[in-house]
Amino acid sequence: MSHTGTEQTEVRLVIDGQSITVPIGTTIFDAARTHGIPIPVLCHQQDITPVGVCRMCVVDTHERAYAAACIRKVEPNARKAKPEDPDLVVETNSENVRAARKTLLELMMADHPTPCVRQQQKKDCELEGLAAEYGATTSPYPHRELTRGRDTTSPIILVDHAACILCDRCVRACAELRDNFVIARQGKGYNAGIAFDLGKPMGSSSCVSCGECMYSCPTGALTNTVSVKHEFKTGTPCETADLMALDVFQHVSGNFLDFNKGAVVKRHFKKGEFFFREGEGSSTAFYILEGLVDMYISTQQAHVHTEEQRGTFSSRMRSKLVNRHQHRRQGEDMGRTHVVVDGGLELPCDQPEGQRGPGALFGEMSCMNAHPHSTTARAATDCVVLEMRRNIVDMLRRNKTFRENLDELYLTHTLELHLRKSPVFSSLTREFIQALRSKVRLVRIAPGEIIFKQGDLADAFYLVRRGFVKVTESCAGGDLVLAYLPAGSHFGEPALLGDGKHMATCSALDNVDHVDLVRIAGEDFKEMIRLFPQVHAELQKVHDEHMRENQKRMANISDVPLAEFLHQGLVEAQSLLVLNLDNCTRCDQCVKACADAHDGVTRLVRDGLRVDNFLIATSCRHCRDPLCMVCPVGAIHRQVTLDVTIDDTCIGCGECAQNCPYGNINLHEFEVTLHGEELAALGAGQAHAKKATVRKATSCNLCNELKEPSCVYACPHDAAHRVTGEEFRDMLKK
Amino acid sequence: MSTSTLLRVLPAEHNTEGVFEELKDIQRQNPLHYLPKEELQRVAERRGLHLRDVHAIASYYPHFHLEPPAKVAVSVCDDMSCHLRGAPALQRRLEQRFHGASPADLSIGNVSCVGRCEHAPSFVVNDCYYDGLSPEEAIDAVVQTIAGHPTSGSSYRARAMNLASDPYDGERPYSVLREFAKSRDRDGLIAKLKAAGLKGMGGAGYPTNDKWTRVRESKSLDKYIVCNADESEPGTLKDRFILTQLPHLVIEGMVLAGLCVGARRGYLYIRHEYQEQEEILTAELNRCAEQGLIGEGILGYADLSFEIVVFVSPGGYICGEETALLEAIEGKRAEPRNKPPFVANVGLWGKPTVVNNVETLAFATAIAAKGADWWNSHGANGFKGLKFVGVSGDVQKPGMYEVPMGIKYSDLIREYAGGPLDGREIIGFAPSGPSSGYLPASMLDLPMDWETLNKAKSMVGSGAIVVCCEGRCMLDMALNSVRFYRNESCGKCVPCRIGSQKLVEILQRWTQGGYKDSDMSVVKELFHALRQTSICGLGQILPKPIESVLEHFKVEVDEHLLNGRCPAGVCFRGDLP
Ligand SMILES: Cc1cc2nc3c(=O)[nH]c(=O)nc-3n(C[C@H](O)[C@H](O)[C@H](O)COP(=O)(O)O)c2cc1C
Ligand code: SF4
Ligand code: SF4
Ligand code: SF4
Ligand code: FES
Ligand code: FES
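Chains as they are written, first to last, in my numbering: chain G, 278 to 1011; chain V, 5 to 581.
None of these hints come from the bench; they were simulated from the model. Here a beta-carbon is modelled for each residue, glycine too, at the ideal position from N, C-alpha and C. A portion of the hints provided could be inaccurate.
Label-pair ranges, simulated between beta-carbon atoms [claimed, not checked]:
| no. | chain 1 | residue 1 | chain 2 | residue 2 | range |
| --- | --- | --- | --- | --- | --- |
| 1 | V | Q516 | G | H339 | 38 to 46 Å |
| 2 | G | S751 | V | A105 | 17 to 25 Å |
| 3 | G | E410 | V | R218 | 48 to 56 Å |
| 4 | G | M824 | V | N130 | 53 to 61 Å |
Below, a list of computed lysine-lysine pairs in the DSBU-like style, where the Cα atoms sit at most 30 Å apart [unchecked claim]:
| no. | chain 1 | residue 1 | chain 2 | residue 2 |
| --- | --- | --- | --- | --- |
| 5 | G | K677 | V | K41 |
| 6 | V | K520 | G | K379 |
| 7 | G | K379 | V | K558 |
| 8 | V | K75 | G | K359 |
| 9 | V | K355 | G | K350 |
| 10 | V | K198 | G | K357 |
| 11 | V | K75 | G | K730 |
| 12 | V | K355 | G | K730 |
| 13 | V | K41 | G | K803 |
| 14 | V | K28 | G | K716 |
| 15 | V | K459 | G | K778 |
| 16 | G | K730 | V | K41 |
| 17 | V | K198 | G | K379 |
| 18 | V | K41 | G | K778 |
| 19 | G | K350 | V | K343 |
| 20 | V | K459 | V | K198 |
| 21 | V | K28 | G | K350 |
| 22 | G | K379 | V | K343 |
| 23 | V | K198 | G | K359 |
| 24 | V | K461 | G | K357 |
Next comes chain V alone, as it looks inside the complex (with noise of 0.2 Å):
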């Protein structure tokens, strides 16, 4: 949204829309690029806001400097998959060849995962991402920025490839939304995402369906539908991958869920670290327009209107969770709610929402083409369906790969990802990032489905699947994960906010020699309020790491806290952060 849309008046509900995008004009146009207060003040004067909800928004997304950063900011990713692949041992580069400089000059900090998980470790210097460097060439990178020539970092563009989930072959036709504008045949399409059992992919794997009968039975006269494509959580790469690939689906599935429940707009709401994406999109709408496929009237039919939005996140994992990413629409803190109420029924600005993932949007698009039998066709193990997977960490070819449901870990890693590192031995791997926690490689033979891994406590999630090889500390990786949710932690409640603190704080004196028999239990009482009494998903399964680790991985763990000694040799070197 432009400056100059702000002229218009905004309704007093609606006076917080557009404001990042404000902040953001002009923190960029500000020569030490920051917001002073006194630019905030002209914000709320204009926008009729309290300068205290200014501050409370701007305050709240690392992306907006309420201070001058320094010249040149460095921040390294040390998530998950980066902190498998060199990234404590290229921040530990950067900091020695930086020493000295003047914090007004240079700082070097950490960013959270960016979502360059296949090309690790990633870091940012001032705007700019950069991934799969060596620690000299990260070198040369930030002393090119210093000397005013920043080199282009990495990007990630369309590839020629066949995708099974492609039902048109390359093109682009969007047959499903002519031919539906059409039959309008909202039941039928709700039937065969039933039929073909379609999940959401966002992680919860709620029945897709069942979201969208929800919110086309509400008699609300405004609805919204919004495409989660925020993808934060490390070791995620697919939505990425399908908003560059096919962009197309994702926009008719918006369009058919739209049309379906009976919204007139739609949000595809993506992190901001995603430009690339971002442009494609852009374009992909654009086309779209022209063709009379969204706005006013589509295909010529009056009654059938469909806008789209391209909301470009202010920054954070928990603007991912759907709540806290409708509250960021709405212009405020992305601070999850409380629920019930759901999103179904009271979502954006208080009307019905369907809140689905990239994956979800094309898949249903794919599913509405070809049929349930089509996509019931696929699968491995007698398992049905198709999923888009990354794989990162320990592994040969770390990158995105379509994959049959069904399809064993350990086929998947060998067959798709090249198969362990340098033929060392796999020890333990995440099948979601963090919130799945870690399995042991007893456990690579599971299949890849919903409930199979329930059952084994874990997730099929999003699926990011991060590999561990022989040599890594699963006590570390717990430590990880751990810290990268405090984190994220929005801080709304007490058991996430304090507790995702003091958890990080006990597990670091236990990788470094200072566990105490009372701590055991204390851990325990605090997984269980975490789980119980957190607010949102993240509080929740914020314990899953390490109570993975201490449950699978008990002999590596005792070593630690009994013996002192951690048997990879990754921990008691003083010197994690």
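Same shape as in the complex, but just chain G (with noise of 0.2 Å):
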């Protein structure tokens, strides 16, 4: 220390006992650590800036209040009485403090969630692991009722927002280590939390998925989604440095790369060899590295339909394999112009085909979303790719710079012929879209978020770019889906042409993937329409046709139970299995035929939901809105249609069978012969046996295999039918 003359550059303090010279400006910590003297914290970390809001690390000064260590900077003290005597005198473990520390601790576990999602994967939630150390672990004050619960729509971070302490830790990550600026303190006081973006989900915020946060995160607020290790048979396994040095995984954490070790394999393929094949299913996909990729579509995808002749009330349903281009449904297929495939490619209907290069992203809308792939992959030179697992597909297509490039490529290639494809649209000059391109917005909804509110005031017009919208009217009793719109439809007009205020409320549909949005301003929207006359009243038809077409509807319901109806959720179903008690001689002919087309195991239970005299058997309803769809290997796959099926990939795990409302779906064990590899997988260490039980999830296929199901066709009563949601709603009204 040097009083004299020269500036002071050094502080003398005594911690615990022990006197310590370190440079002004240090911090207690700091000069603490580097003596050996541990304090504990929660809110610190090394590579961060400190902001001292979790008081764990408080430390008795002899001032007026304690200090936090971690971000308390020594300075000289100008008013100490002896020159020699130190700057600061610290006690960091006396029994007022450790009384202190105890107190915080029990205030945050009374909200903890105890044990938090990281404690039960690693055991390493700091704060149970401090409450531990100091006795604080049943805390004597009342636990908090109303949390802000979990936000599961990202799919590699799990948001519980129960655990979360406001530590600031993630807040820091995400904009110091990171760049990213995504997450934020929200709200005030007690109520307050943190947000990404502005309060947007996780999955459709701005986030990259680089993992940061969940890095720092000291407790089970931010952990990893559980990811079912799929394991690749070929390809070399990718080194972070390698993976690091690609733009698209510059924003991403190295931690977690590293943490997901084997997640991405690099893969040579021939000219002429297939990545995949339309209508497979698979969990992982393809970033191109060198070399290019044919996509294109051949065949045309069959599925069951079920359809009503016309005539009695007890009228025969007839189910029947059509083709896709014969059949539309409603609410499907509808003035759909072309056909969204991976790579951010859309393909135009009627000559569905295309190529990518490097830098691009495929495969991943099977991958995300479990559909099975709509088109066909093929190396059409020599390719270098990378495989990968879902979580790494995720944080790549959240990439900013990868996905500006997307949204560049459906400026301006896909809007154009998003709209000029459309009838209702076909007069809209070349001029006039380019004008649109720089004005319009590209917006992301997670599952399950709104996009408005009905009676929301209207600010603009949206096209589906990919994924589904559902439309929702509430009307005493509950909220009843008008629709589902595919990519390529439009909504929101209605508002704008009429009161301004929007009749239905939109929301991404749930449990799938994100939907893309094209949002075009509410003043772009009414300058387009004044100088386009010809889309006005195109617009104006269609919007008068579904006014008529809701009237009616609202004029059905009117008189079923309907509260009833929609608690059920028979209102969502695709194809509920009816049996018309009146004829229904309980002779069990469609259980026994069910279970012959599915070697030995029934799908269907004749029991279930009575409504009149029909009774709504137990089997698979194909919901619109499946709640099923959260397999972990995605071994749920919902078909063009939608109709939902579960195929051989299935690990029993049950997830699914929890998640139906409506126990549609059961586990079943199966007798398997099994291959050595699949052995070593199962850790069986029984590679000598051949023979295995698996456990399986099943349900109602609608014998897709078949010409009609089979349950309909086996009834020799004409009680069994398949009908949907408002097809029965009919039925009961007669």
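Take the two lone chains and join them into the complex the hints point to.
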């Protein structure tokens, strides 16, 4: 210490009796740390700016109140009595200090969901660890009643707001370590919490899935979503450093990539080799490093359709396999002009082919939303690609530059296609679309997120770029789904044309993938219809048609017990198995037929909800909004028609069965013959055995390989029918 | 700041400047009176801010709505003074009358003290303030608003009166400033403040000359003066009164401080509920500008410049805490900073800053004009100086009074405020709102003096004297005060964010017969943690009301805890909020 003449550069402090000299401006925490004196911390981390909010690190500095060691810098003390006195005397572990820390821990533990997800996963929740150390695991304070719950919209990070202690570590990690600026505090006081962007669900925020926040979080508030590991059979695993060298991984945390080691492999494909074929499902996607890939749609998918023959009340419902192009079920294929496929491509329906090159991602739709592949992908030249699991795909898709490129591609190529192929917009001029291009906003909505509510003031018109938008109207008794709008459709115009208020609520379909929308601001829309009266007229026509339909529908439902109907989720159903009890003799032929069609295991139970003289059998309803599609390995798929099927990749975890509110999915044990590799994967340790039992989830697949659902076909008494929710409601009315 | 000024490019570190005015404009112009996400996005884009930053501030201040509020939003103040003078009954009556109204049409909720405590109870309907109305008159005001013809609320205008602290006898000559511009006697000015022993009137009582000296000694080129007119503590009325009656003394005090310490810019931070005072100040500032008393080249001296910006608070009691206040001026969430560093070293935008209360600055001008001896000639019982106090609660004449320091509280209440209500007995009083805690009637004869009250574990503070008469339950009052802090906690630090909520829940249980033997040691531990580990004064002072009631009103409290009985008949009705 130099007091005489020259400028003072160091300060002396006494910590727990130990004399320590450090440069001016060193924090108490750093001074103690470098001398091996431990001070507990929660909100502090070595590599980010201290904020001093959790107060765990408080120490007694013999001032009015304790100081937070992590942020308190030691300065020369001008008021000390003698020059040789220390500048600061600190007690880090006195009884009173420990008592205060214990109280802080008890306060946090009172609201903590113990054990939290982090503790369950890795036993390293820092709060629970400290609480154990301070004997504060059981809190004397009342538990929090209302929490903000969980946000499950991000495919890689699970947000449990109840476990958040507002340490701001994620906030700083996202901004200081990663330059991403997505997370901040929101709200005030006891109701404060963390939020993404403008309070968006994490999944639809500008989060790039770098994982840094999750790494920084001391508790179970931000944890890695459990992803079942897909073992790659071929390819060379990639090193984190190699990945980080790629542009698309720029804002991603190295820790996170390390954590997901083995989730990306490098593979070589020879010209003409297939990556995947149309109709296959898979849980990986590809990123092109070198070479070109052809993508095309060849076959026309077929699916089961049940159709009512006009006639009497108990007219026979006939199910048959129909061609995609023959069949138009309400709410889909409407005005569909192009197919959105992987790799950001949107192929025109009449000529569905395209090609992608280096820097493109493909196969990601199937990987993310559990649809089977809608295209076939084949190497046009020799290719080098990265094959990656779902969590990495998500990370990639969220990369800023990558996303900008995709958006750019959309705006320059597809927007025009999108608009001009629709009869409604056919009169728009190229110049106008060009001008529009710079004004539209591309927005992304998380599964289940509301785009606007009924009664909200309308300020925009939307085009669906990908995904499904659910349109619901609330009426006495509950919400009624009006339509599911597929890619290529548009919505929001009725309000802009009418009284300015939205007549229905629009949201992204739950549980599946994101919905991407093109948002055209209200003023621009109005400008458009002013300049192009024909567009106005067309829209008006469609609008009037909708209004008529809606009125009819509302008139229909007004005389059924709607609340009950909605409550049972019937209106969501695309294919209810309805037994007319007037005809049914309880002969069980339907059950037998079902078992026969499915390896002896029935997928329907002849019992369930009774409505009037109908029985709704326990059998998959193929909901439009399937709550079951939470499969960790993506074994549940939806056909293009939205029918729900479970494929053989099922691992029998039972997640889907738990989520189906109607008990329509069951787990069954099957005897199978296993091969060496699979046995090893099961960890059975019995490589000699050939037969084994595996558990699989089963549900009605509408006998999609047969002409007609067996149950309906087998009924000798014309009692069993497959109908949609709306049709059933109409039956009830009669 | 109007929206057009935003078109100028803001330097990166100042890109939140004026953001609150912009958000207020958007909300005002929005037909549903809220901030749609699209608008927030536009604000972010225009200013080059991240979305999260705009959301962080918009969601912090209760004044901003992220969802459309009810068409008619009624908010009743139920803090200390209003709680004593009929707020619970008023609220119950409103709720009964408008029971069943759709939430989109009408909402009835609470608002924290709006600074009209002398006319309690107060309430707000949309943006209009009402006070001193009976429940039936209140219903009428709401009905009129629903019908689309809102009646005008209460108004607060200057009155002719003689105030001992006005050195100019009602004139506004700015003589001290004119004199100082010539003499430049900075040492003399600071010496006068020191000799008068002028203390901070914002509550903490820190010597003013010390603050000015520290900033004056700093070599920084940029320095700031901030006048704290956020006045939001229940019972505090004085700043509003001073801004109405003596705005020129406050402005002159700011300019003097600025010229004395070498600052060129000052912010007058006023709570948004004080619209009338904002107008008065703007008018007075315009007058000053015309006379060359502020701005570039004051009174023709090219080397003297000082401009004053009136900054309207986006709202919240915590904004009165000086570092939170600076954060608000910087356009951020008003969360208090960790101290040290103190604002005299690292203040607004990191520059040395003097933060002074309205009353402090007005007194500084008076002392500069008439000298320390004049100041010290005032006072009672051997103590020196003057003080503005607000008296509210159970007294005959609630209001604002200028009193000599050292006056006994009993004399003050009797001579100025007309004594207790309806000849009732005083049982307790708070010398300075919730932060002073409650003292028993036996301490009414204490003189109003900083030292004396500190010894009594209370404080002179901002002089928000709240009187409680028989029939009041002091445990209920303690709960009321702690609840105020809970409502106003910024949530930055753990002890106050979570502790305030838990303490409210525990006290609520006590007033409803749910006391547990283990509670007492739990709350004592909690008091310790709050006092010692909270970042700012709010959390540190939070236990005060209940601690003081446990000490001074033990018999009444024990009746609740041990015998399940409220001697005043206030608690155990199961209908307290
Ligand atoms: C929670 C809290 C609220 C405060 N509110 C105010 C206020 O409304 N007005 C005020 O002048 N000081 C308030 N203060 C005190 C200020 O932090 C600061 O000490 C004061 O403005 C300094 O001015 P003075 O020295 O002239 O008193 C508050 C302090 C705390 C901790
Ligand atoms: S994953 Fe990365 S970008 Fe997303 S919120 Fe966390 S830190 Fe920010
Ligand atoms: S989510 Fe985790 S890191 Fe972020 S503030 Fe909460 S506890 Fe801290
Ligand atoms: S003590 Fe309370 S008000 Fe002060 S910083 Fe902490 S949480 Fe905010
Ligand atoms: S670790 Fe220092 S306050 Fe949180
Ligand atoms: S206005 Fe209600 S207490 Fe101040």
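Structure-based check of all given hints:
no.	hint	verdict
1	Q516(V) <-> H339(G): 38 to 46 Å	holds (41 Å)
2	S751(G) <-> A105(V): 17 to 25 Å	holds (19 Å)
3	E410(G) <-> R218(V): 48 to 56 Å	violated (42 Å)
4	M824(G) <-> N130(V): 53 to 61 Å	violated (35 Å)
5	K677(G) <-> K41(V)	holds (21 Å)
6	K520(V) <-> K379(G)	holds (20 Å)
7	K379(G) <-> K558(V)	holds (28 Å)
8	K75(V) <-> K359(G)	violated (67 Å)
9	K355(V) <-> K350(G)	holds (18 Å)
10	K198(V) <-> K357(G)	holds (23 Å)
11	K75(V) <-> K730(G)	holds (18 Å)
12	K355(V) <-> K730(G)	violated (47 Å)
13	K41(V) <-> K803(G)	holds (21 Å)
14	K28(V) <-> K716(G)	holds (26 Å)
15	K459(V) <-> K778(G)	violated (63 Å)
16	K730(G) <-> K41(V)	holds (13 Å)
17	K198(V) <-> K379(G)	violated (44 Å)
18	K41(V) <-> K778(G)	holds (17 Å)
19	K350(G) <-> K343(V)	holds (10 Å)
20	K459(V) <-> K198(V)	holds (23 Å)
21	K28(V) <-> K350(G)	violated (38 Å)
22	K379(G) <-> K343(V)	holds (23 Å)
23	K198(V) <-> K359(G)	holds (27 Å)
24	K461(V) <-> K357(G)	holds (27 Å)
Of the numbered hints stated above, those contradicted by the structure are hints 3, 4, 8, 12, 15, 17 and 21, listed in ascending order.
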